[in-house]
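Protein chains in written order, with my numbering: chain A, 1 to 359; chain B, 1001 to 1293; chain C, 2001 to 2280.
There could be a bad hint or two in this list.
[Unchecked claim] Simulated DEER-style distance windows between Cβ atoms:
| id | chain 1 | residue 1 | chain 2 | residue 2 | range |
| --- | --- | --- | --- | --- | --- |
| 1 | A | 102 | C | 2116 | 37 to 43 Å |
| 2 | A | 169 | C | 2115 | 54 to 60 Å |
| 3 | A | 69 | B | 1017 | 51 to 57 Å |
| 4 | C | 2106 | A | 164 | 52 to 58 Å |
| 5 | C | 2273 | A | 102 | 37 to 43 Å |
| 6 | C | 2273 | B | 1130 | 24 to 30 Å |
| 7 | B | 1064 | C | 2269 | 24 to 30 Å |
| 8 | B | 1284 | C | 2273 | 52 to 58 Å |
| 9 | B | 1024 | C | 2269 | 34 to 40 Å |
| 10 | B | 1274 | C | 2269 | 31 to 37 Å |
| 11 | C | 2116 | B | 1067 | 27 to 33 Å |
| 12 | C | 2269 | B | 1130 | 38 to 44 Å |
| 13 | B | 1274 | C | 2273 | 38 to 44 Å |
| 14 | B | 1058 | C | 2167 | 55 to 61 Å |
[Said to hold, decoys possible] Below, a sample of chain A positions facing chain C; criterion: calculated Cβ distance under 7 Å:
| id | residue |
| --- | --- |
| 15 | 71 |
| 16 | 73 |
| 17 | 84 |
| 18 | 103 |
| 19 | 107 |
| 20 | 108 |
| 21 | 266 |
| 22 | 267 |
| 23 | 331 |
Think of the hints as simulated: they come from the structure by calculation, not from any bench.
Glycine included, C-beta positions come from ideal geometry on N, C-alpha and C.
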Amino acid sequence: MATITLDTVRKVYAGGVEAVKGVSIDIADGEFIVLVGPSGCGKSTLLRMIAGLEEISTGEIRIGEKVVNKVDPADRDIAMVFQNYALYPHMTVYNNLAYGLKNRGMAKDEIDRRVKEAARILEIGDYLDRKPRALSGGQRQRVAMGRAIVREPAAFLFDEPLSNLDAKLRVQMRVEIKRLQKSLKTTSVYVTHDQLEAMTLADRLVVLSGGNIEQIGAPIDVYDKPASTFVASFIGSPAMNLLKVRKGAAGLELETGSGLTAANPYGRDRYTLGVRPEHLSLVEAGVPAGALTLKATVNVLEPVGAESYLYASCGGTGQEIVIRVESHARFEPGQEITLTAQAKDVHFFDADTGRRVES
Amino acid sequence: MKRVQFTNASLPYLLLLPQLAIIVIFFYWPSAQAIQSSFYLEDPFGFGSTFVGMENYTDVLGSNEYASIARFTIAFTLLVTFLSLSIALLLAVKADAVLKGSSTYKTLLMWVYAVAPPVAGLMGVMFFDMHIGPFLKVAAFFGWDFKIGLNYFDTAFAMVVIAVWKQIPYNFIFFLSGLQAIPKSVREASMIDCRSGFRRFWSIILPLLAPTAFFLLIINMTYSLFDTFGIVDVVVKDKAANNPITLVYKVYMDGFRGGDLGGSSAQSVILMLVVFVLTIFQFRFIERRVHYG
Amino acid sequence: MYKSKLSDHLILILGSVLMIGPVLIVFLTSTHDAVEVHRFGLMASWGDHFTETYNKVLFKEGGFTGQVTGVRMLINSLILGIGFGIGKIVLSMLAAYAIVYFRFRMGTFFFWVIFTTLLLPLEVRIMPSYEVVQQLGMLNSYSGMIVPLLASATGTFYFRQFFKSVPDELLEAARIDGAGPFKFFIDILVPTSKTMIAAIFIIMFVYGWNQYLWPMMMTNDEAHFTLVRGIKQILLVWVGSQIPEYNEAFALAVLAMLPPVLVVLIFQSWFIKGLTESDK
Ligand SMILES: Nc1ncnc2c1ncn2[C@@H]1O[C@H](COP(=O)(O)OP(=O)(O)OP(=O)(O)O)[C@@H](O)[C@H]1O
Ligand SMILES: [Mg+2]
C-alpha cells in the first residue's frame, strides 16, 4: 500500500501528439481514484505511465516515496487489470494467477495459499483448472481481478475493466470491485469513460479533457459544483442544461429570445447558465416559483421506467432542454409549460472560458 | 510495431543474427555475384574472366532462341495462370454451394497441393507416353498423332496440362476460404436484392473475391515462371533441342550444363527484374489489404 | 436458400476424379510388373506384384540409381523436409520476435534486409548460389541442401504477421508480472503460437520435401539423394533401356508423394489456416 504522486506529468507521443499536458495529482494511501473523461482525453495514457508501460516525457511519478520514472513495470509493485483482460490463453486459471508470483521466485506453498485465497474471494475456485477460453466474460473478468489481487501490490490500476461486460454484469462487478477495494484498502486508479461508474466507485474523481485536468474532487462535490461547463455536461445523466444568457432589463434573459427570468448574482453581462434536469420543476398551482423561471414548449416525453425525461424547447429558437419528471406524468407535444429552479441549483459559468463563476 | 517494446542493447541483434547471416551468405552474396558475372565473360577452361560490359545482355536479348523461349514462357505463364485460376474458381464456387459433402470435396480437391512438381511431371509424362500413355489413344481417336518430346506443340500441351493440374488445388484452397469468409448476411442480403444467381455471383461475390484473385494472380505467375522447373525438366529430359522450355530452365541449361556463366547470369538478372516488378505489385497489394481489412 | 443442383455435384465429382484418378492409376500400375505395363499400358486394376516391387524399390540397392535404396532416399527426404521445417521456424520466429517486440537502432534497416529476400526466388540466382556452396565445401551434405533454402523471409513474414495480431496487452500483462524477453518468449509467445508453428511447419515440410532443382544441383553423391531428386535419375536410366522399369518408377513416385500428402491430409485444417491466414 502506498501513496501515488503525479507531478506535472506530460506525455508527448513519438508522432508529436501531446496526450497528457502536465497533470498533477496526489493520491492518498488506500484511496480509490477514478480518471474519467471522453474518448481520447488521455486517461489510458496517464494510467499506463503510472504502470510503467509508457515512458514519461516530463514530470515525475512517485509510488510511495520512490520516484519510478525509470523503474520497470515489474518492479513498481503495481497490478493492472486490462479492458480485454489479457489472460494468458494457454495457461489454466491457476497458472494465470500464479505466473507473476512464480516470476518473483515466491515459494510454492505461499503461491498456492494466495491463489486459493484470491479464488475464494472472487468465487472462481471451481474454474482453477480451466483455460480462459472455457470461461464466460464475467468469469474472465474475475480471473483478471484475481491476477491483480494475488500479487498484493501497492496499487491496483484498472483500464476500463468492465466495458466488455453486458449492462447487468457491469453493475454487479462494479459493486464487487468497490467492496473488494474497501476490504483490501489498496490504493487504486481506475479509468473509465462511464460517468455513472466513475460516480459510484470513486473516493475522488479526476475529470480529464484534452490531456488536462478539469476538476478533482469527491463525486458529490463534482456533481454539486462542476468547475466548468465541460464537467457539468459530462457528469450527471441526462446532462446539465446549459443556456446562453445575458444581462437584461431585470436580471438575466436568454440571448436567443424571451421566456427566462433569473437574478444576476454576480453582476456580469454574459454567462452560460446551467440547471440539471432533476432540479427543474413545473410551476403549478401551489408550487412557488424559485430563483429562476423558464417558459418552454413540450416536444416529446421519454419514459425510462422509474422516471421520465421531458424534452422541451425554449427561447423561441428552439433550444432544447431536458426536465426530469415523475414517471406517470402526462404531457402533450406543443403544450406550454413553466419551469422553475432553486437558487442553489442554478450554476453560472463564464460565457467565454466555461469556468464556474462564484463571485 | 507493439505499443510497448523491449529495449535491450544486444538481444535483438542476437535474435536476428542467424537469419541475417544465412541471408547475407546465401542471398545477397550470390545475387551480387550474379549481377557481377553478368558483365564478365568466363573462360570456358576456368582461366579467369574478362569484363565485357553489356555484351552478355545484348547477346541474350539479341538472340532469336532467347526471344522464342521468352515468347513461350509468356504464353505458358498466361495459359497456366488463366486455366488453373478459372478451373479452381469454378470448383470452389461449386464446393461452396453444395450443402452436403462440401468438406469431402474440399479434401478430395486440395491434397494434390502436396505433390512435388517433378512427380506430377513424371506422372504426366506417363499419361502422355508414346508406349503406355492412355492419352494417345484419346488423341488418336480425334486424328491427333500425339508425340510428346518430339513435337513442339504436343510437348507444350502436355506441360500446360501437368502444370495446371498441379496448381488447381492451391488456387482452390484460397478461393474456397475466400468464399467462406464472405459473411452470411452479405449473401442473404444479395439473395433478397437480386434474383439471378449468375448476376449475384458477378456483382457481389466476385468483387468480394477480387483481393484473393489478385493475390493468386501474382502467385500463379511466379509459380508458372519458377516452380514449374521440375515439370519442364521431367518432360524434356535434358533434351531441350526442339522442345519448349521456360526462361528459368534456360538459365539452368546455359549455366549448369552449358558452362556459359556470363550469359546465364545476364539471364538471371533479367529474370530478377521481372520478379522484382511482380513482387512490388504484390507488396503494394498486401499493404492495401492490411489497411483495409 | 440456395438449392444445390445435380450439376454442381457432377462438376465437383468430375474435378475430384481428375485430381485423384491419375494418382490412383499410377499407384495401381505400380503393382503390376514391367513387362505387363509395357505391353498393356497403364493399369486401372490391382496387380499382384505390390510386395515385390515395393520391396525392391525400398530395399534393393541400385534399383534405379546404382547405389542407393529407396529407404535411404526416404530418410534423406525426411531429413530435408524436417530439417528445413525446423530451421525455418527457429530462424524466422527469432527474427520476427526481434522485429515485432524490440525497439532497436537499425530495426527498420534489418527489416528491409530480410524482407527484400521475398523479391527473388532461389531459381534466379541458382548458379551463383551453387558456387557459393561449392566454395564453402557444402556440396553433397545435408547442411548444403537445407541451409541455402533457408535464405528467404517467408517464415519471418508469416510470424511477423502473426505476432502483430497477438494483443499488445499480453506483453504488457507479462511485463507487469515480471517477465523479461526470454521468459515472455518461452512462457507466453511460443505457447500462444503453437497452432501457427504447426501450420508453418507443415507448409515448410512439404516445401522442403518437394525441393527438386536445388538438391539436384547440390548432390551428385547418391547417398544424399532424396526421393524427389531420384525422379531425375529414373529418367536418365530410362533413356536407352529396352523395357523401362515403369512399375518401379511409379512405386518411387508413390513413395515420393505419400508422406507430404499424408501430412497435408491429416493436418488439413491447420494447414489451410496457416496457408490462407498468413497471406504467404
Ligand atoms: N501510441 C500512440 N502514439 C501516438 N498517439 C497516441 C498513442 N496512443 C494514444 N495516442 C493518442 O493520445 C491521445 C490519448 O489517448 P488515450 O489512449 O490515453 O485515450 P483514452 O482517454 O484512454 O481514450 P479511450 O476512452 O478511447 O480509451 C489520443 O489522442 C490518442 O490518439
Ligand atoms: Mg483508453
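(message) So, against the hints stated earlier in the document, which numbers end up violated here?
(response) When the structure is compared with the hints, numbers 2, 3, 4, 5, 6, 7, 8, 13, 15, 19, 20, 21, 22 and 23 turn out to be violated.
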